[in-house]
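These two chains come separately, so use the hints to put the complex back together.
So the chains spell out like this:
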Amino acid sequence: MTETSRLLEQAAQITTPWGKSFTAPEANRLDVVIDANDLPAAAAALNAACWGYLAAITGLDRGADDGRIEALYHFCAGAAVAALRVTTPRAEARLPSICAAYPSASIFERELSEMLGVTFVGTPDVTPLFLPEDWSPDAYPLRKDIDLSQPNTVPVRPPPTNGENGKHFIIPIGPQHPALKEPGHFEFSVAGETVIGATVRLGYAHRGIEKAVEQRNWVQDLYLLERICGICSHIHATAYCLGVEKLAEVTVPPRAETIRTLFAELERLHSHMLWLGVAAHEAGFDTLFMAAWRDRETVMDLLEQISGNRVHYSVNVLGGVKFDLEPQHIDALLNGAAFIEERARYYFDLVNHDPLFNRRTRGVGVMTAEQAETIGVVGPTARGSGIVRDVRVEAPYLAYTRCPVEPIVETDGDLAARFSVRIRELLESCRLIRVLLETLPEGALQTRMPRRIRAGEAISRVEAPRGELFYFVKSGGGEMPERIHARTPTLCNLASALILSIGRPLADIPMILVGVDPCFSCNDRTATIHTADGSAEDETWTWERLRRYGIEATR
Amino acid sequence: MRITTILGDMLRALVRRPMTQAYPAVRRDAPSRLRGQLHWDPEKCTGCCLCVKDCPADAIEMITLDKAARRFVLRYHADRCAFCAQCVQNCRFKCLSMSSDQWELAAKDKEPFTVYYGSEEDIHALLEKCAARADQALPAAEP
Ligand code: SF4
Ligand code: SF4
Numbered sequence: 001m002t003e004t005s006r007l008l009e010q011a012a013q014i015t016t017p018w019g020k021s022f023t024a025p026e027a028n029r030l031d032v033v034i035d036a037n038d039l040p041a042a043a044a045a046l047n048a049a050c051w052g053y054l055a056a057i058t059g060l061d062r063g064a065d066d067g068r069i070e071a072l073y074h075f076c077a078g079a080a081v082a083a084l085r086v087t088t089p090r091a092e093a094r095l096p097s098i099c100a101a102y103p104s105a106s107i108f109e110r111e112l113s114e115m116l117g118v119t120f121v122g123t124p125d126v127t128p129l130f131l132p133e134d135w136s137p138d139a140y141p142l143r144k145d146i147d148l149s150q151p152n153t154v155p156v157r158p159p160p161t162n163g164e165n166g167k168h169f170i171i172p173i174g175p176q177h178p179a180l181k182e183p184g185h186f187e188f189s190v191a192g193e194t195v196i197g198a199t200v201r202l203g204y205a206h207r208g209i210e211k212a213v214e215q216r217n218w219v220q221d222l223y224l225l226e227r228i229c230g231i232c233s234h235i236h237a238t239a240y241c242l243g244v245e246k247l248a249e250v251t252v253p254p255r256a257e258t259i260r261t262l263f264a265e266l267e268r269l270h271s272h273m274l275w276l277g278v279a280a281h282e283a284g285f286d287t288l289f290m291a292a293w294r295d296r297e298t299v300m301d302l303l304e305q306i307s308g309n310r311v312h313y314s315v316n317v318l319g320g321v322k323f324d325l326e327p328q329h330i331d332a333l334l335n336g337a338a339f340i341e342e343r344a345r346y347y348f349d350l351v352n353h354d355p356l357f358n359r360r361t362r363g364v365g366v367m368t369a370e371q372a373e374t375i376g377v378v379g380p381t382a383r384g385s386g387i388v389r390d391v392r393v394e395a396p397y398l399a400y401t402r403c404p405v406e407p408i409v410e411t412d413g414d415l416a417a418r419f420s421v422r423i424r425e426l427l428e429s430c431r432l433i434r435v436l437l438e439t440l441p442e443g444a445l446q447t448r449m450p451r452r453i454r455a456g457e458a459i460s461r462v463e464a465p466r467g468e469l470f471y472f473v474k475s476g477g478g479e480m481p482e483r484i485h486a487r488t489p490t491l492c493n494l495a496s497a498l499i500l501s502i503g504r505p506l507a508d509i510p511m512i513l514v515g516v517d518p519c520f521s522c523n524d525r526t527a528t529i530h531t532a533d534g535s536a537e538d539e540t541w542t543w544e545r546l547r548r549y550g551i552e553a554t555r
Numbered sequence: 001m002r003i004t005t006i007l008g009d010m011l012r013a014l015v016r017r018p019m020t021q022a023y024p025a026v027r028r029d030a031p032s033r034l035r036g037q038l039h040w041d042p043e044k045c046t047g048c049c050l051c052v053k054d055c056p057a058d059a060i061e062m063i064t065l066d067k068a069a070r071r072f073v074l075r076y077h078a079d080r081c082a083f084c085a086q087c088v089q090n091c092r093f094k095c096l097s098m099s100s101d102q103w104e105l106a107a108k109d110k111e112p113f114t115v116y117y118g119s120e121e122d123i124h125a126l127l128e129k130c131a132a133r134a135d136q137a138l139p140a141a142e143p
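So the protein lines, in turn, are chains X and C. Each residue of the first sequence is one higher than the last, beginning at 1 in my numbering. Each residue of the second sequence is one higher than the last, beginning at 1 in my numbering.
One chain only, chain C, in its complex shape (with noise of 0.2 angstroms):
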């Protein structure tokens, strides 16, 4: 009777370095279509509302300051985000992409989940709209 066992691989493994990495004291590049943290870029932004519709976590919230003008705030929550990218996949504009640097998306609490986005003075100006309602619920999305 043939006889196959396994001491050889046994064997190899010892002379061999160990295959579990040692992370966090080396971080390794992450390949580079991982999909970490979502970004947005207001540029070409139109406001449709196209990647808040399918979201499937409730994750993007598209706070419209000015229509005319344009003028939108994205704000994003990291931690109820499934990083499946079919916002990325709505958008028609390419104003979405998912980082491959950012993943290491661990905090004690919850505020640095909530990311906005957008132009510093509309962040600054929908910031100040709150504050000064702070008795109330933020502004809602548009649907």
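Chain X on its own, in the form it takes in the complex (with noise of 0.2 angstroms):
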């Protein structure tokens, strides 16, 4: 018996007080039907028995004549992939919270009430995450019978807070920052010194591509969907291709596979290596931030010479790639990942070696193996940790499974720990650069694919850089998909963030930012100090005071 289906086997226990259903969609796959006040005992029973972590709330409006909204909350152990399945009535849709077990499905049931409007019982946060502020209460995108032709807004709504009204202070930080290179708003609690609460509000770039896939066929959406992330493009189009690949029974010819393979590392390298840059700039490490880019540009001029564009690359077509390797790009790249190499080996000198930065990552943002499971944190964040998880090497696709990935895993937890995997990551990339292009398969680029879709539903995991990225897709039979779901891995990592800031000073709260990704840095620093309890009188301090309670307390 193979590990995934010892796994699935376990799982299936588990549930099985539980479960009205158990079918098997695919051989690694299983999908557990439950009644939706079963859910949190069930959620429970998994957590308890240390069964994977949960990776996905997918939400499916299955129509008026159906009448039901359905969950599928996905959990992911290996390459075991159960879903517990649960359905409401639209009308008066409810669910019962798991955030009691997992924490980190308080995004997640944030993000479906809001597209679904299903009201999820017992959990911590209700204020919106993606839809703006006077988008109506009432409109629900992902319901199939929205009115697209109305504007479907409000007067604005007042505007979010965490619900401490005047007891504490509450630093808002976004959505326009210069510390934030991307819109997001954090909203910080703070007594004194110490991070009491924290939520996050995003969406600010919601372009509402989930539901515009919905309306365009399965080509145009393969570059609607590469269009989620400038950085990650081309693991989004992979994930999709994919899961649709799969759903119409094709095989991708080898030499694509690689190809395909080759460009998602290339891609990692270059990700990684924007983010050393940022992560550095926000310690103030300028002169790092400016020479990793500077060598980053290596990297950015091999995809433009293969692929003809250096942030969209486009390189996938439904059934294959578009772009093949001749000689001389063999040749630029082998060149370009040995420069890579040399520079990331120095880079890793610098980080763990330099006294000075290492005061601003050693022993800060730690986070336990324990916490990273429970979390259910991804990529270069939970293997900082000490957490094997690289769906390459868990579950590998593509070129992966000829040739396999060495897990990078560091055990410290904290910032300097994700430096090191970060880094290290750069190594291997070079070295599977190199193994792939010895391996490189002849032959066609391209199988057909058909126009219409067999019905049916898959899920694709894959890794992109910033950790694992989960898509789900299902084909009504049809030209255009009925559902694509994708759930990045920054959703998942933000959250740990969030949780792992309560209880820390606040001076720490961008470094623990930082090391997840979406970084940025420095709060406004305000000089007005609330007491923890919030009883004794409001004071105003003055800046030099400021600057004496900070030296002290951090001495």
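Read the hints as simulated data drawn from the structure, not as lab findings. Beta carbons are placed, not taken as given, at the ideal position from N, Cα and C, and that holds for glycine. Mixed in with the good hints there might be a few duds.
Distance condition first, Cα-Cα at most 27 angstroms in a straight line; then the derived DSSO-like pairs of lysine-lysine [unchecked claim]: (1) X/Lys211 <-> C/Lys53; (2) C/Lys110 <-> C/Lys129; (3) X/Lys246 <-> C/Lys53; (4) X/Lys211 <-> X/Lys20.
Incomplete in silico selection of chain X near chain C, CB under 8 angstroms [stated by the list, open to error]: (5) Val219; (6) Phe289; (7) Ser307; (8) Val317; (9) Arg362.
Right under this line is the structure:
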């Protein structure tokens, strides 16, 4: 019995008391239909048995005829994916929250409640996550019957707060903030120096892509999904292609698989180098920032040379890839990999041995392996805490099945560990690029794809630079998909930054956030301090007094 | 304790040429595979419209003047194009290609972004037709 089937069997056993039906839509999947009221118990049982982690919650509107909303709670362990499927009436959609067992579910539940109008009973945070303030509270974008000819807006509602009205000081950061590279809104409630509450409001760059894909054909969707992210464009397209090809039962030629993998590794190189630069910048090490970005250009030039574009390389088509590798590209790739390798070694020494830099990273933002497990973090953020969580290793896809990946893991769990993981991954990616080129199969680049995709559901998981990217693709048998759900790694990791920040001094927050990759630094320092219990009168401090307080508090 | 510093790198950078390029003073050639403006060669086009069907950005319109005589005009909207090359993939007769030379696509108004391809005579005929029906919408593209 393989490890995966053993895991699935175990999942079936754990959920037996509540399971109404068990099906296996794919070899590595198990769907368990349960009653909505049993959800917290079943989730708690999986959690108690340490069976995997909550990867995503997908909501499906089954339409007016069926009259139900379905929610799929995907749990992943190794290559195995177990889904708890529950339904709730459309007219009065209510589901119990599973945040007691899985605190990271909060963000997923917020997403589902605003997108499909499901009320979560007992969820800690009911504020909107993605939709704008003036979006009508009764318009649910992912319901099939939403009237898109209407603007669906209402007079602006008051901005979100995290509920501590006047009792504690709330430090808002964003959406427009010099330290944020992308718009996001964080609110940290503080009692003195200590953070006691943290919330996030996303969606300032929300483009409604998951809805838009339902109105375009399978090919057009590829390019729309590719544009979810400018850094990991290729991996989004790859995850989508793998899902659709699985549904269509199309096998991609081996040469195309290798080229896809190669681009994924090049993408990891430039993404990690971008992160290194930004993280160094946030720590005040601007020379390293400049150097890392200068060297990153090597990778960007390679991508442009082979595909014709620096950002949206658009290498994928459904059924294969567009661009072939010529001998001169292979030479350029080998030279590029050798250069990056040499630089990565140097960076590794630098971030581990520069005494000043180390004071900003060692022992900062420590996340233990247990914490990482409960929160359900993915990618380098998890691997810095000693968890071997890498889809390329656990559930190899594409050419990773032929060229195994060595997982890079560090155990310290602090920011320094996350630096080490990402820099060592640069070395591993360079090694992989060499192996992929050595074993590049000959042959065709594409196979024919049908225009209509067989009805069914597919899950594809790939390792993006920031961690596991999870795609759920559902086809109704037509030329357009019925539902595509993309769960990006940052959504998982962001929850970790919020949860970990509770109880920490405010000065640690930028570092904790930078570690997961949506990096931003320096909070606004405020000169008004409320005492922890909120009882004493407020005092206004002078800048000098605040400075002295800061020096003494961190001594 | 071993100390690695970035000083050496900084000193080397001092004597090296700048990494930034002096564009637009110096215009370097783009890589030969660069995906710039789309070009259409009407010679072999059958008017099958597969290119139009999968364009994610609605950037191409195939206008049929006379199907039997294979008279088509392609109206390309460079400002909508996402430069994904799906149309190039879709065309079975290799009528479409992307220029590696025309990539400086910036202008002060929208007009230069609508490009007509086809024989001069056909484009002329189409534009005249449009002008004659100036109060009406432009002829609809073949679905
Ligand atoms: S390159 Fe892409 S966006 Fe541009 S015309 Fe062709 S299919 Fe449309
Ligand atoms: S796909 Fe090619 S042959 Fe068909 S209409 Fe487009 S350019 Fe013409």
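Results of checking the hints against the structure:
| no. | hint | result |
| --- | --- | --- |
| 1 | X/Lys211 <-> C/Lys53 | 20 angstroms, holds |
| 2 | C/Lys110 <-> C/Lys129 | 21 angstroms, holds |
| 3 | X/Lys246 <-> C/Lys53 | 23 angstroms, holds |
| 4 | X/Lys211 <-> X/Lys20 | 31 angstroms, violated |
| 5 | Val219 | 4 angstroms, holds |
| 6 | Phe289 | 11 angstroms, violated |
| 7 | Ser307 | 7 angstroms, holds |
| 8 | Val317 | 6 angstroms, holds |
| 9 | Arg362 | 13 angstroms, violated |
Hints 4, 6 and 9 from the earlier list are contradicted by this structure; the remaining hints agree with it.
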